[in-house]
Amino acid sequence: MAYAHIPDQKRSKLDDKCEKYVFVGYDASSKGYKLYNPVTKKTIVNKDVMFDEEASWNWNDEPEDYKFLFFPDERDEPSDKAHLHHLQVQVKGLVACEAYETYMMKLKKALQNDKWKIAMDEEIKAIKKNDTWELSTLPNGKKAVGVKWVFKIKRNEKGEVERYKARLVAKGYSQRKDIDYDEVFAPVARLETIRLLIALAAQNNWKIFQMDVKSAFLNGYLEEEVYLEQPPGYSVKGQEDKVLKLEKTLYGLKQAPRMWNSIINKYFLDNGYLRCPYEHSLYIKVNGHGDILVVCLYVDDLIFTGNCASMFEDLKNAMTQEFEMTDIGLMSYYLGIEVKQSEEGIFISQERYTREILEKLNMMNSKSVATPIETGTNCPNMNNEMMLILHISKVWLGV
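Going by full-length UniProt numbering, the letters in the sequence shown line up with residues 1 to 399, in that order.
Do not take every clue at face value.
Pairs of lysine-lysine residues, derived as DSSO-like cross-links and limited to a Cα-Cα distance of at most 27 Å, are as follows [claimed, not checked]: (1) K214 / K115; (2) K34 / K152; (3) K128 / K316; (4) K42 / K152.
No lab work stands behind these hints: they were computed from the structure.
All chains, please: the whole structure from these sequences, using the hints.
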């Protein structure tokens, strides 16, 4: 058992000076200890740690037994639900304030970085080009939804940086059902469908191609009246008190995936495609000569295959006229899966993902074995140490 010291600036005088963790290893990039919190399911690195080698975490207890709350001084009268709710609001408020300060620090750094600033400018340019919003005064009784910037480095199958991407995202969690949104469900292709499509192409010696819809969610039209706060760093000078009335959807809105799906679904149906009744993200088109084109959609990424090159070109040209598209060419990296297409067949792997896991676990130089455990081994009853290993393994593998 490990006890990590909480710095003075992160606690008040009455708060605990340390927090309980489970020691899991040493950090490779610093002189710190890797600690795991089974309650929050988060791993931290801390140098200021005290160890209790005799104590261990009780993995058989329910997680609820380890919730931490700020308790007031003891009083004669019993606490009621309203008082408990007040305490929970205080805790959430403290967490929110810390998260907001962290976000503002990241935003400030991004605005000072040319690569991120260019990415942010491109996002705002795409939004304005699409007539997504208009400057407006917030009507009485309406509430503006907040926005934030999300930054991501897009990499290829080799892990190399392709581009810096900044996405303006609405804080959809603050939307109110039946006021700011109604229906939210939108279908996406199942992984089994994607693997089946790859197998179909391999069996028939077809090539699989890939395209991407740029800023797909900006194409959906809103049915509700929604207002946004102006984006940080891009407020209109002299009109900072105004809000943005949305005409189209934005990433982060609860209804955005559904509205985009309704747009792309209508496009395919209007252009002669048949929608699979069992997989609503799969579309099929057959021309007069019996040639076939199969399109599989995963949000804004689509892959397609078939036996007619002219149908491929027709699809590319038609979609480019309707949406802003990126023609990626032969599918090589899709949803974390690396794809290699050759005359010998189509080969899929997850080498990059596997390497990332091995690097996190410091196992790059480990020897490989045919099975994870010796055959015929009798497994003993789970003790605390084995429970810890199982728990940490699930965390690292994303199970």
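Right, here's what the structure says about each hint:
{"no.": "1", "hint": "K214 / K115", "in the structure": "holds (19 Å)"}
{"no.": "2", "hint": "K34 / K152", "in the structure": "holds (25 Å)"}
{"no.": "3", "hint": "K128 / K316", "in the structure": "holds (25 Å)"}
{"no.": "4", "hint": "K42 / K152", "in the structure": "holds (21 Å)"}
Taken one by one, the earlier hints all hold for this structure without exception.
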